[in-house]
Structures are given as structure tokens and as C-alpha cells.
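K.L.:
Take a look at the letters that make up each chain.
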Amino acid sequence: MSSREPATDAGGLGRRRFLKTATAASLSLALAPLRSAYGQAAAGGGDTINVALVGIGAQGRVLMDAMLKIPGVRFVAVCDIWPYARTYGQRYLKKNGFEVRAYESHREMLDSEKDLQAVIVACPDFWHAPITNDCLRSGHHVYCEKMMSNTIEGARSMVRTMRETGKLLQIGHQRRSNPRYLVARNRLLGEAHLLGRITAANGQWNRAVSADLGWPNHTAMTSEQLAKYGYADMHQFRNWRWFKKYGGGPLSDLGAHQIDIFNWFFDTSPSTVIGSGGRDYYTGHEWLDNAMVIYEFKLADGMARAFYQVQTTTSAGGGYFEQFMGTEGTLRMSENPKYTQIYREAAAPSWDAWISRHLIAAQKAPPKSDDDTAADDKVDARETAELAAYYLPVILSKAIHQPHLENFFNAVRGKGTLNCPADEAFKSEMSVFKAIEAVETRSLVTCQPSDFIA
Amino acid sequence: MSDSQNNTSDCGSMLALLLLRVWLGVRAVLTGIEKFADSRVLQVPLLDAQGKPDSSGAMVEVTQKFYSLHSYHAIPDSMKERFSQEPLLPVFLTTPYYAVLGWALIALGIAVLLGLWTRASLFLMGLLYVSLTVGLILIKQDGGISWLAIHVALIAIALSLTKHNRFALTRT
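Order-wise, the sequence lines are chains U and C.
Using the numbering used here, read the first sequence as starting at 1 and increasing by one per residue.
Using the numbering used here, read the second sequence as starting at 1 and increasing by one per residue.
The set of hints was computed from the structure by calculation and includes no laboratory data.
Do not rely on the hints blindly, as some may be mistaken.
What the hints assert, rightly or not - Mimicking SDA-like on lysine to any residue, the simulated pairs with C-alpha atoms at most 20 Å apart in a straight line are:
id, chain 1, residue 1, chain 2, residue 2
1, U, K228, U, K245
2, C, K65, C, I33
3, C, K52, U, K245
4, U, K338, C, V41
5, C, K35, C, R119
6, U, K398, C, V44
Claimed, not checked - Quick look at which bits of chain U chain C covers, simulated, 3 or more residues with Cβ under 8 Å:
id, region
7, 59-65
8, 103-113
9, 184-192
Beta carbons: idealized from backbone N, C-alpha and C, even for Gly.
Throw the hints in and build the complete structure from the sequences for me.
P.N.:
Here you go:
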């Protein structure tokens, strides 16, 4: 990782590569209005794809495990500035049948690896844009973890580089390839209009207090090594998510996935956001440790408001989910099926047709209580009748990231389009940046449609 | 009472017994068959409105009921567990009882339906329900006891009408 800023010219490229890049850029600019232009590679590539993984931290390892289950993915290189993680990745892949070369710098890797086709970027957020842009400019397709960047400028540069190079850039909002989410969005909301008019949404990711990450003493990097890659010290390197220089804090780390679902399911971007939050518990961190924000979405049939909260000091409140509430029903989605539920309002039309088509399934009735009065547990006459509960029978029998990676590799093979290309992801990233701004300024932030176009 | 009145009364009694035989027979046969029932969860492709696999490739879990000899279970496991803790229900009695319960219900149900030794079949069916009642009394399942009492009462009525038995394979 040698460059901190996105490259802005072709000075470092060979003549052949420059011509190739320029041609691709011209072609991609001509197709600029078409989203699908960035979603599919040219057909004709072989089924085996040579892949490098940049960043072998917690998220990189999750992606590595998911990729090991995908046929046709051949690991050829790993890259991480931390020798401890680098060696782990190299040995882990060797155990799984891949002899890979290990690099400290992504630039060195790109210069050395001639048969590379795709790069998976899972390093800390502030490195996403420089590395992704370098990889795209080197002619590789990229799968980059969210957030795209810790800055709007960084995220925007990634979209622009994707357009210039014509290469694929998938952002790791993995819910967009999860069949459970696809069916919920396209079939339950789109085809069946199961919820009626959606007037509100809420989402959350609450988790308990956790200690900062440490490291084995003998594995610590020197100050010079850390400074070379922009880190103040080993503690900040290991706990980069909590520091503003490197990441976006909990609203970005946890909230980005779910705020993306608001945008995706509503099929639009928010018009305003207001919020509150703060660093009230963890004294050694820079980023807020709790936040509550409210978005306004102008939908075709009226306004919908979406509340989102992230708490890092309590796991209360039912885990992590995104919930959409309509006049006829409510859909609570989560990557964890145990948090997923669908509720039908008493006055809603029958859902039997959707049950018979297996879009939803009736919840098994809980055992009846011996106490007859338990069935009528309203304490106030104004209460609405208890909603009938249903569940989503769609299953995902793979690791949650695997379908999104498969979608990326299929697009690289020319067999499909990306489910979350960078220009689409940028809209959600901007929604997160707006929420952070609202929390930090304690004000109502207004969003313009142009804000969401990179 | 005139002959025509007697004939009408006999016809009504004959129909009453026939109705009871059908009800008790169907009840016993299906209850016995259900003891061979189980369910399995299948994963099948979710279909779109045109009947083609959904574009997401989604698979759905569908619960399917099936019957097999291998699935035989005389009573629910939870109830079996409770019976096993009863001193008056020793294993050497309950084990053979569980083994024949389902088959006995089916056999007696068919016999009552077809009118095969109707009187004896009804009586044995009544004894079977009494035996079930014993277990429920011990575990204090008053609701179940009441249900079984209704069955036994219906059998008793049927037995009192056996002289009007018709549409039967055997006379008694």
C-alpha cells in the first residue's frame, strides 16, 4: 500500500495498459447513463478466476472462508501490512489447497501479479479508495467491503474510477444478494404489496459492551511501519473502527448495511435526516458509541419515516433487523432468520394466496395456556388486536457473504450483472454520511437528489 | 304399538347404529393411521407467478406430511415420558401396549365399519378406550378423560342397539 491518494492520471501505466484503460474508459463513459454498464464484465472469460485478498482482518477472514466454498475461485495472493495477519492468511489458504504469495504493499502485489483478475478489498475503510482505485486502474475487477470510504470524496472517486476503467466494482452490501432479502423486496413488497402503504420503518443493531482488540506482544509492528501506512500506533491500528481518521464509527460499520436496506427497499434516497448520539461510554474512542437517527423518505404514495439506532453498550431490543411497517402488515427482516417475522394487520386482505405460493408461511401457534384469560391480554380498550405472525420460508444454506461474492464472480465471468455496483452503493454511503452529519451537528440535514449521484 | 310404528322404530334404530358404527369406525381407523404419520421439511425452488424458479434462485422450506411404518409412534413422546414416571404403568405393560395400540385401533375400526363381529368389536374398542383413560387419569388429563368418556358412551349406545345391526358382514 504505497499510495494514499487515488491516482489521477495514467502516468504510472505502461503504453499498452494505458491504451487498454483509455479504450475502456471511453466505452464506459459512452454508456454512463446505463447502470448495467458497470454491472457485467465482457463475456468470454474462463470459469477460473485468479483472486487476491487485501486485508486479512476479521472481515477479510469471513470473506476468505466464503470464497473457499465457491467453485472456480483460485487464490493467488494475499496482502496485509501486518505480518501476523499476512502469515495467517498464507498458511490458512495453504491448508485449503492454495499456495499464495504474500505482500505487504498492494502496489507491490499489483506490480508482481500478472495473472490476477479480481481483488477483494477488506482492509480498514480509509484505505478502501486508494487500493480500489489502484486495482481498477491496474485492470482488475474489485469487490470492496463497505463502507466504500471514510470520506465522501473517497467514495466518489471509486465510482468515477469504476466508470473510467470499465471494470467491475461490487460493494459488500451482501444483503442485496441474499435470496431472503431479494424475495422480501421483490416478491413480498413488490409483487404481493403485502404491507399495503408503507408509512414507517425502523432498524437497529445493538450489541453489548466489548473490550478493545489487543495483539500478541511479539507481533506488534514498529512505529515506522505503522506510520508508513497512516496509523498512529498499534492500538489504533487494531481498533481503527473507533477512530475518525480511519473509519466512520458504528453508524458506518453497523448502520451502513441497514440504512442501505432502507434505500433499497424504498427504492429511493432520503430527503432529510435528523439525529442524536454521542461518545458517552467509551472514553478512549473518538467515534460516538450510540446514535439514533430519523430519515424521511418521499415515496410515490406518501411520506415514510425510518428510525435507525445503533447501540454499542447494550444488546437489548431484539438484535439486529430492518423493519418495514405498512397499513396492512409489517415485515421485519434480518440476516438472522430468527429475527425475521411478518405480521398481518387484522383488517388486511387474506394472505392465503401467498401462503399457498410459499412466499410466506403461517407461524405455528404457540401452545394454549390453561388460563383462558391469557388469550385476551389487552389492558387498554384502545389497543389494536394482536397481529397474526408469519415467517419467511426462504432459506439461505450458505455463509451470508457467499451469494454476494458469487454474484461478483459471475459478473466477472460475464454471466450476470452486479447486485451492488459502486454507483448504487454510493447512494447508501451518502445516506450514512448525512446521518453522521446530522448527529454531529445536532441539526436537520436536508438531502438533494444530486447528493446521491457520484 | 302398531306394526308400522314398530317398523319405523326399528328402521330408526338401525340407522342410529349404522351412524354410530361409521363414526366410531372412522374415528378409530384414522386415529390408528395417524400414529404412522410424520412430517419432513423439503427444500424446493420458490416459483414465480409464471411457475418458473424465482430469479433469485431462492429455495423455500415446505413441510410435507407422510406415512410410513418406520414413523410409528403410539403416543406423543411428551406423554410417553410422563407415563414412564408412573409406578402403576410398568414398562413390561406399556411396551407391548404401545406396540399394538395403533394396529388395534385400525383393526377394530375396520371391524366396526364392516360389521365384523360387531358386538365383540365394539366391546373391545370400548375396553381400549377405557385402557387409554387409565393412563390419562394417572397423569390428570381431565380434558382427555372427558373425550374418551364420550367415546365409551357412544360405544355403549351402539352395543344397546346391536339387535338392529344391518349392513354387516357377520350377524353378531
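K.L.:
Evaluate each hint against the coordinates.
P.N.:
Structure-based check of each hint:
1. U:K228 / U:K245: Holds: U:K228 and U:K245 sit about 15 Å apart, inside 20 Å.
2. C:K65 / C:I33: 13 Å, holds
3. C:K52 / U:K245: 50 Å, violated
4. U:K338 / C:V41: With a Cα-Cα distance of about 17 Å, the restraint between U:K338 and C:V41 holds, given a limit of 20 Å.
5. C:K35 / C:R119: 25 Å, violated
6. U:K398 / C:V44: Holds - the C-alpha atoms of C:V44 and U:K398 are around 16 Å apart, at most 20 Å.
7. 59-65: violated (count 0)
8. 103-113: That given contact is violated, which follows from only 0 residues of the region 103-113 of chain U lying within Cβ reach (below 8 Å) of chain C.
9. 184-192: holds (count 3)
This entry does not satisfy hints 3, 5, 7 and 8, going by the numbered hints stated previously.
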